[in-house]
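**Student:** Sequence:
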Amino acid sequence: MTDDKGGGWRNDLRRVFSAWIHILAAAALALGAWATGAATGYAVVLFLLLFLLVVFRQLPVDEEPVVAAPVVATPEQPVDSLPMVLASLDAIDMPIFVLNAEAELIAQNGAADHVFGSLAVGLHVSTRWRSPGILDMIRETIETGAPNQIEHSERLPSERVYIVRVACVLSDETNATPYFLLSFRDISELRRLDRMRSDFVANASHELRTPLASLRGFIETMQGPARDDAKAKDRFLAIMLDQANRMSRLVDDLLSLSRLELKAHLPPDQKVELAPILGHVRDSLAPLAADLGVEIKLDLPEAKIEVMGERDELVQVFENLIENACKYGQDGKVVEVSLRQEPGGATEVSVRDHGPGIPTEHVPRLTERFYRVNVEDSRSKKGTGLGLAIVKHILTRHRARLIVKSELGAGSEFTVRF
Numbered sequence: 549m550t551d552d553k554g555g556g557w558r559n560d561l562r563r564v565f566s567a568w569i570h571i572l573a574a575a576a577l578a579l580g581a582w583a584t585g586a587a588t589g590y591a592v593v594l595f596l597l598l599f600l601l602v603v604f605r606q607l608p609v610d611e612e613p614v615v616a617a618p619v620v621a622t623p624e625q626p627v628d629s630l631p632m633v634l635a636s637l638d639a640i641d642m643p644i645f646v647l648n649a650e651a652e653l654i655a656q657n658g659a660a661d662h663v664f665g666s667l668a669v670g671l672h673v674s675t676r677w678r679s680p681g682i683l684d685m686i687r688e689t690i691e692t693g694a695p696n697q698i699e700h701s702e703r704l705p706s707e708r709v710y711i712v713r714v715a716c717v718l719s720d721e722t723n724a725t726p727y728f729l730l731s732f733r734d735i736s737e738l739r740r741l742d743r744m745r746s747d748f749v750a751n752a753s754h755e756l757r758t759p760l761a762s763l764r765g766f767i768e769t770m771q772g773p774a775r776d777d778a779k780a781k782d783r784f785l786a787i788m789l790d791q792a793n794r795m796s797r798l799v800d801d802l803l804s805l806s807r808l809e810l811k812a813h814l815p816p817d818q819k820v821e822l823a824p825i826l827g828h829v830r831d832s833l834a835p836l837a838a839d840l841g842v843e844i845k846l847d848l849p850e851a852k853i854e855v856m857g858e859r860d861e862l863v864q865v866f867e868n869l870i871e872n873a874c875k876y877g878q879d880g881k882v883v884e885v886s887l888r889q890e891p892g893g894a895t896e897v898s899v900r901d902h903g904p905g906i907p908t909e910h911v912p913r914l915t916e917r918f919y920r921v922n923v924e925d926s927r928s929k930k931g932t933g934l935g936l937a938i939v940k941h942i943l944t945r946h947r948a949r950l951i952v953k954s955e956l957g958a959g960s961e962f963t964v965r966f
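Be aware that the sequence shown starts at 549, since it is given in this note's numbering, and climbs by one per residue.
Treat the hints as calculated values from the structure; they're not laboratory data. Note that the structure is a prediction, hence the values are computed from the model and not measured. Treat each hint with caution, since some may be false.
What the hints assert, rightly or not - Subject to a maximum C-alpha distance of 30 Å in a straight line, what follows is the list of computed DSSO-like cross-link-like pairs (lysine-lysine):
#, residue 1, residue 2
1, LYS811, LYS845
2, LYS881, LYS811
3, LYS940, LYS845
4, LYS811, LYS852
5, LYS940, LYS881
6, LYS953, LYS845
7, LYS940, LYS953
To be verified - Derived Cβ-Cβ restraints for the label pairs, each shown as a range:
#, residue 1, residue 2, range
8, ALA750, PHE664, 33 to 41 Å
9, VAL911, SER753, 46 to 54 Å
10, SER746, ASP684, 24 to 32 Å
11, ALA668, MET642, 37 to 45 Å
Glycine included, each C-beta is placed from N, C-alpha and C at the ideal position.
Just need the whole structure built from these sequences, with the hints factored in.
**Tutor:** Following this line, the structure appears as structure tokens:
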């Protein structure tokens with residue numbers, strides 16, 4: 549910036565001399581006019597006009613203030629970006645730690661506090677994470693400035709899997725203090741889904757392999773030793789038909805799951821009345837219930853109760869729940885189905901049996917594909933292990949929940965809450 553203190557008085561002095569020169573010139577012009585014979589009044593008027601003109605020309609004019617140019621950071625005077633980085637961390641829902649060049653903690657965001665707890669500033673990273681992979685990765689990034697990432701798992705307090713990444717905040721060209729962001733991206737759910745997918749393929753293959761092996765064995769027997777045995781053929785054909793029906797049910801359930809997964813993000817856009825659906829399901833399962841010696845009791849309100857849903861899918865939900873109650877609660881002889889709606893609240897359909905109940909440790913896993921509390925009992929009752937998985941997918945699409953309550957020796961209650 550230029551210092552204008554010395555130039556100010558010079559400008560003022562120059563303005564004073566200029567004013568006096570103009571005034572003398574005006575006086576000279578007035579005297580010349582009077583000397584050439586002009587009237588005295590005319591000479592005076594001419595002098596006054598010239599004098600006023602000189603005065604107005606010398607008045608100071610308001611000037612626009614001089615605005616200082618902003619200071620631009622240069623490589624010799626870097627701007628510290630740490631405050632800006634820290635202000636942005638809490639807006640991110642992923643645990644992030646800020647480290648210095650000595651791998652010491654400078655700050656952490658709220659997500660890191662929630663997942664790992666509050667760590668003391670100045671703490672070396674090795675005191676919290678002893679994984680050689682994480683420490684080597686951080687050391688390499690500090691030395692080279694290149695970002696790195698690895699997969700890291702922790703087993704306490706619960707098993708979690710993270711993609712751990714470290715990267716430099718500032719490049720070496722700025723000559724600024726380098727900072728390093730250590731982030732933890734939780735991929736536990738993705739790994740769990742991968743395991744479920746692998747288990748699903750293995751279980752589906754196993755479920756299909758068993759009836760196929762039975763069919764092949766009976767066919768070979770009928771072609772060989774039992775070629776001329778009519779009674780054996782009749783018995784084997786009945787078993788083969790049962791196994792073929794089992795495979796058919798399994799394929800149908802797998803196709804149902806695939807269709808449901810494709811439209812899981814599309815909620816129903818039509819209203820359906822629940823009471824007629826429950827009446828239809830009761831009537832369709834009446835022959836099965838009679839064979840098992842079970843009575844299906846409906847408790848329906850007189851008022852009309854509607855929900856947003858797809859009729860065929862809801863029929864499938866209640867068929868699965870009531871059929872399971874009849875088969876596995878057969879000892880209780882009665883299956884109670886009730887429909888109720890809280891004033892201004894949720895709509896619930898409950899299916900209760902009075903059978904042996906379900907052990908507590910099995911309840912959270914009932915909706916997993918191919919999960920069975922008792923494998924032999926399930927197969928003897930022609931179950932595929934996919935019924936409750938289908939129920940869960942349908943209810944997820946309907947934005948509804950399945951609530952399971954069970955007590956050993958007192959039966960089970962499955963409630964659908966819309």
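**Student:** Next step is simple, just say for each hint if it's right about the structure.
**Tutor:** Right, here's what the structure says about each hint:
1. For the hint pairing LYS811 with LYS845, the CA-to-CA distance comes to about 33 Å; that exceeds 30 Å, so the pair is violated.
2. A threshold of 30 Å between alpha carbons decides the hint, and for LYS881 with LYS811 the separation of about 38 Å lies outside it, so the pair is violated.
3. Restraint check for LYS940 and LYS845: the C-alpha separation of about 24 Å stays at or below 30 Å, so the hint holds.
4. At roughly 28 Å between alpha-carbon atoms, LYS811 and LYS852 fall within 30 Å of each other, so this suggested pair holds.
5. Taken as a hint, the LYS940 and LYS881 pair is honoured in the structure, with Cα atoms around 26 Å apart against an allowance of 30 Å.
6. At most 30 Å may separate the alpha-carbon atoms for a hinted pair to count; LYS953 and LYS845 meet this at roughly 19 Å.
7. For the suggested pair LYS940 and LYS953, the alpha carbons sit about 16 Å apart, so the restraint of at most 30 Å is met.
8. The supplied range of 33 to 41 Å is met by ALA750 and PHE664, whose beta-carbon atoms lie about 35 Å from each other.
9. The hinted window of 46 to 54 Å between VAL911 and SER753 is violated, with their beta carbons roughly 27 Å apart.
10. For the pair SER746 and ASP684, the supplied restraint of 24 to 32 Å holds, since their beta-carbon distance comes to about 30 Å.
11. Take ALA668 and MET642: their Cβ atoms lie about 21 Å apart, and the range 37 to 45 Å is violated.
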